[in-house]
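To get our numbering, take the position in the sequence shown, counting from 1, and add 339.
Be careful, since some hints might not be right.
Claimed, not checked - Mimicking SDA-like on lysine to any residue, the simulated pairs with C-alpha atoms at most 20 Å apart in a straight line are:
hint, residue 1, residue 2
1, Lys346, Leu406
2, Lys343, Gly355
3, Lys346, Val492
4, Lys343, Trp496
5, Lys346, Tyr485
6, Lys346, Ala407
Simulated from the structure, these hints should not be mistaken for lab results. Here the structure is a predicted model, which is why all the values come from computation and not from measurement.
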Amino acid sequence: MVVKLLKGFDRLMERGCVAILVLLISVMTAVVVAGIFWRYVLNAPLSWSEEVARYSMIWASFIGGALAFRRGGHIAIGFVVDAMPMMLRRAILLSGSLLVLGFLVLLLWYGWTLLEQVRFQRSPGLRISMMYAYAAVPVGAALMLYHMLAAAVEMIWSDGKETSSGASAPVTGLG
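Make the full structure from the sequences, and use the hints.
What follows is the structure, encoded as structure tokens:
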């Protein structure tokens with residue numbers, strides 16, 4: 340029962356990330372096209388289009404990074420690790436995972452601290468709090484932490500067999 344609930348929540352999180360990513364990339368594309376049209380066809384540039392596109396790209400990068408993390412899509416030098424003896428391979432992959440975990444915790448912590456520092460700053464074009472733009476850092480770190488832990492739990496439950504996301508142990512590479 341609990342496993343089924345966790346798997347359902349995990350699917351919901353992954354689908355939510357995909358939906359938000361599609362929305363952000365669509366907004367970014369539409370705003371860039373509109374900005375080009377207004378600037379070069381109507382000779383009346385939009386003051387806010389570059390800012391919306393930039394913030395959409397920042398958010399899309401962090402959410403896409405979290406999704407790639409879940410699906411094991413980040414770059415790796417697999418042939419070097421695969422050539423090592425199993426015990427050394429496990430030690431190196433575990434060490435790498437712990438380093439990534441530590442980095443993500445630091446990114447979450449300092450991202451949150453940064454939000455407190457920029458909450459009263461306003462963006463030049465949109466005049467919104469810069470907190471909304473910088474929130475991508477701790478949100479992205481939290482999503483990556485979630486996906487890292489979810490993939491690790493899924494790998495443990497599946498005993499290193501192929502996971503439901505189609506990847507073989509997407510986070511640690513073991514299996």
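Item checked: Pair hint Lys346 and Leu406, alpha-carbon separation not exceeding 20 Å -> Holds - the C-alpha atoms of Leu406 and Lys346 are around 16 Å apart, at most 20 Å.
Note to self: For a C-alpha distance cap of 20 Å, please report whether Lys346 and Tyr485 respect it.
What the structure shows: With Cα atoms ~13 Å apart, Lys346 and Tyr485 stay inside 20 Å; holds.
Note to self: With the threshold set at 20 Å, check whether the alpha-carbon distance from Lys343 to Trp496 stays at or below it.
What the structure shows: Within the cut-off at roughly 12 Å; holds.
Note to self: With the threshold set at 20 Å, check whether the alpha-carbon distance from Lys343 to Gly355 stays at or below it.
What the structure shows: Distance of about 18 Å is within 20 Å: holds.
Item checked: 20 Å limit on alpha-carbon distance, applied to hinted pair Lys346 and Val492 -> holds (10 Å)
Next item on the list: Starting from Lys346, check that the Cα of Ala407 is at most 20 Å away, please.
Entry: holds (18 Å)
In summary, this structure violates none of the numbered hints.
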